[in-house]
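Participant: Quick note, the sequences are listed as chains A and B, same order. The first sequence stops at residue 453 when you use this note's numbering, and every number in between is there. The second sequence stops at residue 453 when you use this note's numbering, and every number in between is there.
Be aware that one or more of the hints could be misleading.
The list treats identical chains as interchangeable, and a pair is accepted whether it falls inside one copy or across any two copies.
DSS-like, lysine-lysine: derived pairs with alpha carbons at most 30 angstroms apart [as the list claims (entries may be wrong)]: (1) Lys69 - Lys6; (2) Lys396 - Lys104; (3) Lys6 - Lys104; (4) Lys199 - Lys393.
Derived from the structure by calculation, the hints contain no laboratory data. Small disclaimer: the values here were computed from a predicted structure and weren't measured.
Number of protein chains: 2
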Amino acid sequence: MAVSTKPARGMRNFLPADVRRRQYVIGVVAAVFEGYGFEPLETPAAENIETLTGKYGEEGDRLIFKILKRGEGATAGEADLALRYDLTVPMSRVVAEYRGALPKYFKRFQIQPVWRADRPQKGRFREFYQCDVDATGSTAMTVEAELLAAAADVLRRLGFADFTIRLNHRQLLAAILDAAGVGRDLHGTALIALDKADKIGRDAVVGEMTARGVTAEAATALVGLLFGLEGVDNAAALDRLEAFVRGHDGGAAALADLREILALSGGLSAGPHVRIDATLARGLGYYTGAIFEIAVADLAGSLGGGGRYDDLVGMFLGQKIPACGISLGLERILVVMGERGMFPPSVERAPAAVLVANFDADARADVLALAADLRRGADGVTLAVEVYPDVDKLGKQFKYAAERGIPYVAVVGAQERAAGQVTVKTLADGSQAAVPRAGAAGYIVTNMGHSRG
Amino acid sequence: MAVSTKPARGMRNFLPADVRRRQYVIGVVAAVFEGYGFEPLETPAAENIETLTGKYGEEGDRLIFKILKRGEGATAGEADLALRYDLTVPMSRVVAEYRGALPKYFKRFQIQPVWRADRPQKGRFREFYQCDVDATGSTAMTVEAELLAAAADVLRRLGFADFTIRLNHRQLLAAILDAAGVGRDLHGTALIALDKADKIGRDAVVGEMTARGVTAEAATALVGLLFGLEGVDNAAALDRLEAFVRGHDGGAAALADLREILALSGGLSAGPHVRIDATLARGLGYYTGAIFEIAVADLAGSLGGGGRYDDLVGMFLGQKIPACGISLGLERILVVMGERGMFPPSVERAPAAVLVANFDADARADVLALAADLRRGADGVTLAVEVYPDVDKLGKQFKYAAERGIPYVAVVGAQERAAGQVTVKTLADGSQAAVPRAGAAGYIVTNMGHSRG
Chain A
1 MAVSTKPARG
11 MRNFLPADVR
21 RRQYVIGVVA
31 AVFEGYGFEP
41 LETPAAENIE
51 TLTGKYGEEG
61 DRLIFKILKR
71 GEGATAGEAD
81 LALRYDLTVP
91 MSRVVAEYRG
101 ALPKYFKRFQ
111 IQPVWRADRP
121 QKGRFREFYQ
131 CDVDATGSTA
141 MTVEAELLAA
151 AADVLRRLGF
161 ADFTIRLNHR
171 QLLAAILDAA
181 GVGRDLHGTA
191 LIALDKADKI
201 GRDAVVGEMT
211 ARGVTAEAAT
221 ALVGLLFGLE
231 GVDNAAALDR
241 LEAFVRGHDG
251 GAAALADLRE
261 ILALSGGLSA
271 GPHVRIDATL
281 ARGLGYYTGA
291 IFEIAVADLA
301 GSLGGGGRYD
311 DLVGMFLGQK
321 IPACGISLGL
331 ERILVVMGER
341 GMFPPSVERA
351 PAAVLVANFD
361 ADARADVLAL
371 AADLRRGADG
381 VTLAVEVYPD
391 VDKLGKQFKY
401 AAERGIPYVA
411 VVGAQERAAG
421 QVTVKTLADG
431 SQAAVPRAGA
441 AGYIVTNMGH
451 SRG
Chain B
1 MAVSTKPARG
11 MRNFLPADVR
21 RRQYVIGVVA
31 AVFEGYGFEP
41 LETPAAENIE
51 TLTGKYGEEG
61 DRLIFKILKR
71 GEGATAGEAD
81 LALRYDLTVP
91 MSRVVAEYRG
101 ALPKYFKRFQ
111 IQPVWRADRP
121 QKGRFREFYQ
131 CDVDATGSTA
141 MTVEAELLAA
151 AADVLRRLGF
161 ADFTIRLNHR
171 QLLAAILDAA
181 GVGRDLHGTA
191 LIALDKADKI
201 GRDAVVGEMT
211 ARGVTAEAAT
221 ALVGLLFGLE
231 GVDNAAALDR
241 LEAFVRGHDG
251 GAAALADLRE
261 ILALSGGLSA
271 GPHVRIDATL
281 ARGLGYYTGA
291 IFEIAVADLA
301 GSLGGGGRYD
311 DLVGMFLGQK
321 IPACGISLGL
331 ERILVVMGER
341 GMFPPSVERA
351 PAAVLVANFD
361 ADARADVLAL
371 AADLRRGADG
381 VTLAVEVYPD
391 VDKLGKQFKY
401 AAERGIPYVA
411 VVGAQERAAG
421 QVTVKTLADG
431 SQAAVPRAGA
441 AGYIVTNMGH
451 SRG
């Protein structure tokens with residue numbers, strides 16, 4: 001009757017090496033966005049159930065994990081709490097709760113797990129981290145430009161070089177559909193078909209549109225325009241799109257936004273990566289303005305995406321609060337960095353730099369004192385130092401260090417103690433050196449530096 | 001029909017200043033324990049319900065948050081998952097799942113929220129962080145000594161100086177009770193009474209013991225011994241305890257453990273803080289050996305505690321795995337540090353060091369470029385830089401910066417641009433300086449340094 005020791009379905013244990021990688025990426029994201037004045041926010045894992053229901057559509061409602069009501073008044077099966085499903089609804093709740101206390105331009109990042117009762121599949125989990133960065137309170141395109149610059153900074157600092165920031169605008173898409181002669185009632189259908197272009201190809205997109213009631217003429221015009229822009233530079237693409245939607249007010253405003261984002265981004269880190277892509281639709285969601293998505297060469301799917309959504313954050317306030325945000329695909333970034341070996345040695349490191357051997361019961365206090373000395377390190381570099389807890393044969397302890405990937409073993413026997421020395425064994429080459437005790441940390445720090453360089 | 005914007009009962013939003021304080025403490029804890037070779041572990045928020053039930057006693061079972069089973073096969077009201085209730089059961093599950101892959105001496109720290117459906121009250125929440133550090137696989141007292149040293153390092157690095165590490169031993173307590181003539185069936189009762197000594201005083205402890213069946217003679221002997229040790233130094237206290245339990249095997253072994261912990265700690269950071277305290281009982285839990293608790297002068301309750309528990313971690317394996325751990329009271333540490341103003345300026349800081357003003361629509365690209373320049377900082381110090389997103393009057397922007405606590409505002413008008421300069425306004429004294437653009441970051445970094453010093 002043994003209980004399973006696996007984690008719950010679709011959820012994961014993160015062992016030390018996983019946690020180090022995750023915290024490294026989270027650390028870079030946080031540091032970069034804090035540099036832009038974004039501030040960290042955290043909300044509870046569980047929300048009152050009425051805070052969440054009805055916010056994610058019928059499908060979303062079904063995927064919410066619900067928590068049983070406790071106590072005597074509870075009807076059997078009644079749920080009063082639910083697990084966080086995304087980070088936008090909690091942020092909107094916080095914006096409403098602290099109305100007046102938060103700055104006019106509240107800029108927050110939030111990096112926390114969310115839970116969805118999806119069918120688990122490869123790379124898709126029931127508990128996963130979202131990493132959302134949003135700026136509220138302004139409709140200015142400086143916001144879009146700074147978000148894209150910060151996202152580009154994050155990716156570059158993580159070691160991505162070859163990424164593209166695809167940029168489009170929901171109102172431009174609407175104008176294009178209008179201009180192509182697609183009825184308003186078919187905009188959603190047409191966008192869904194368009195969204196599949198990457199996967200099914202342009203002919204199938206035309207087929208799907210006409211099957212759903214878009215005229216062949218409109219579908220052909222649309223596909224001709226949008227796919228004709230491949231390889232065309234940003235300025236020329238915008239000119240062609242402008243010609244196509246000429247006389248459409250929404251289209252003109254959207255084009256002005258896009259031109260402004262390009263102009264503002266020109267001198268920033270995102271500049272070289274931004275590419276106008278009129279096929280980008282970003283689902284049917286809540287976006288109202290510019291939309292963007294980060295693509296990496298040789299990688300299906302994106303590393304993040306977002307856009308402007310001016311009608312959502314005010315949901316609990318009953319008023320409009322303009323907002324623009326980007327959600328970085330933390331889980332996917334981690335997978336790609338792992339596959340590509342992009343983590344630095346400081347992350348892919350052993351649990352300790354030194355193991356202090358422990359083979360003489362009478363010398364244990366000195367072993368612990370040596371460990372404390374070594375931890376202080378040298379030249380401003382501290383060392384992680386593990387003590388072999390049990391008194392045991394030296395050979396066993398060298399083996400333990402090797403298995404753990406710990407590169408150095410420090411040994412103090414009676415002889416070393418009498419001479420004020422420590423023997424440092426370098427496991428990589430089996431070499432040993434007797435060094436003065438006060439210089440042991442420095443010896444290791446110096447050697448680590450060499451082996452890295 | 002407005003939905004409440006409050007967090008769920010007993011749970012908290014952490015606004016930016018809260019998150020910064022929390023992450024600072026978590027960062028210190030992690031850095032110190034990593035220095036001792038402890039490694040980070042994270043487990044899912046939800047566990048299969050059978051993993052948790054029956055592990056925390058009847059009372060605990062009632063406080064577990066249960067998650068409704070989803071999908072078609074689910075009976076109404078059936079729960080299949082439950083929220084993490086502590087960090088020991090998940091660690092034990094991980095130790096069993098990765099048996100063979102984990103090192104013999106698996107040393108982990110885990111800093112994650114847990115959820116308990118307790119009645120919320122002041123300082124007590126339904127979602128709160130636990131911070132557990134445990135070393136498994138060894139019965140050696142070097143483990144206790146290193147845990148105490150690391151905990152002392154954490155507290156000292158956080159700025160606590162006046163703390164005491166109370167040290168006792170479960171087997172010594174048992175031996176004392178035996179020697180005093182308290183029957184084994186009354187040990188639990190006697191320890192519960194003893195545990196209240198701080199609050200109710202020694203006479204009430206005797207009263208409570210005798211009311212529950214302990215003889216007056218035994219109760220008086222016990223209280224006389226234990227409270228007679230106040231102010232007695234460690235060596236003398238151990239001698240008196242030894243005299244009291246002479247001839248008791250368990251007692252002798254326990255005293256040997258305590259003497260060893262004291263000897264091993266002597267040269268370490270914990271040394272001056274450790275005090276033998278035979279009144280420490282640490283509840284009735286799962287401890288089997290040394291127990292300890294960290295007390296701070298002028299503070300009721302503890303900042304952390306722990307001990308050896310050799311029978312628990314193997315619960316899923318059906319075998320003994322020795323373990324010793326400490327749980328730091330993260331939430332309480334945060335409260336005390338807040339009350340005592342112990343957070344450093346780097347934590348209690350403004351969201352940005354500089355606000356770049358934005359008052360000329362034609363100059364927005366330059367405003368963003370200046371912000372990017374300033375972020376690079378100077379002399380190895382980077383700057384957090386916010387851009388005022390909307391084009392607006394300068395006065396409004398100065399006011400915004402002041403409200404946000406941002407100390408500097410950088411202004412580039414047409415005049416500054418022509419001269420290759422930036423005007424930096426220091427809000428603290430209202431002073432303004434026109435500095436060369438390339439030197440603006442350096443000017444701010446230098447001035448920040450002065451104002452701190």
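Participant: Work down the list of hints and note, for each, if the structure agrees.
Facilitator: Quick rundown of the hints versus the structure:
no.: 1; hint: Lys69 - Lys6; in the structure: both (26 angstroms within a copy, 18 angstroms between copies)
no.: 2; hint: Lys396 - Lys104; in the structure: between (62 angstroms within a copy, 12 angstroms between copies)
no.: 3; hint: Lys6 - Lys104; in the structure: between (46 angstroms within a copy, 20 angstroms between copies)
no.: 4; hint: Lys199 - Lys393; in the structure: neither (61 angstroms within a copy, 49 angstroms between copies)
Taken one by one, the earlier hints fail for this structure only at number 4.
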